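**Q** Sequence:
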Amino acid sequence: MVAGLALGSAQGAFAFEVADTEGKRHRLADYKGKWVVVNFWATWCAPCIKEIPEIAEFKEANAARAVVIGIALDVEGEAKTIEFAKKVGHAYPLVLGDDRTEKQFGKVKGLPTTLVFDPAGKRVYDRLGTVTRKSLEQVVAPDPPPAPPPPPDTKEAAGAPKS
Numbered sequence: 102m103v104a105g106l107a108l109g110s111a112q113g114a115f116a117f118e119v120a121d122t123e124g125k126r127h128r129l130a131d132y133k134g135k136w137v138v139v140n141f142w143a144t145w146c147a148p149c150i151k152e153i154p155e156i157a158e159f160k161e162a163n164a165a166r167a168v169v170i171g172i173a174l175d176v177e178g179e180a181k182t183i184e185f186a187k188k189v190g191h192a193y194p195l196v197l198g199d200d201r202t203e204k205q206f207g208k209v210k211g212l213p214t215t216l217v218f219d220p221a222g223k224r225v226y227d228r229l230g231t232v233t234r235k236s237l238e239q240v241v242a243p244d245p246p247p248a249p250p251p252p253p254d255t256k257e258a259a260g261a262p263k264s
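So the number in our numbering is just where the residue sits in the sequence shown, counting from 1, plus 101.
Incorrect hints may have been included.
[As the list claims (entries may be wrong)] Label-pair ranges, simulated between beta-carbon atoms:
1) Pro252 with Asp131: 45 to 53 Å
2) Pro220 with Glu177: 29 to 37 Å
3) Val189 with Lys235: 17 to 25 Å
4) Lys181 with Pro220: 29 to 37 Å
5) Ala180 with Pro243: 38 to 46 Å
6) Ala221 with Glu161: 18 to 26 Å
Quick caveat, the hints were computed from the structure, so don't treat them as lab data.
On a predicted model such as this, the values are computed, not experimentally measured, just so you know.
The beta-carbon is built from N, C-alpha and C at its ideal position, and this holds for glycine as well.
Could you put together the complete structure from these sequences and hints?
**A** The structure is reproduced here in structure tokens:
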């Protein structure tokens, strides 16, 4: 798969509310100030299964500043999907996708698909294809550190009189 726009909806203002398999609601607005990663996958998708442990590692290493939500687009049924997710190391909230999910996010054009929302809630990353812990960490990397101040003028630093 290739990088690029993976969903049918346009970028811009975004809002969503989904419930995970444990009944907890997840709204983008509730995570203001944190990065939010939403990963669409399925039990039959080999690249999806390969990336789940990487995403779990990312979540663990960045728990203070990022939230991860997995959305399974499966027809296996709730119990089988939950059991499978546990087996492959899906250690973050699991949502079972349905028609309401599609209405909120748009049609997913392929799997895996990963979206990243910045701390202000703006969608800044939309990838069709696998991701890794490293690739996600590059997306959420803090702004580059400020440039160091210029070196002092050597005449002033040496106590020489100013001209």
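**Q** Of the numbered hints stated earlier in the document, which are not met by this structure?
**A** Violated hints: none; all satisfied.
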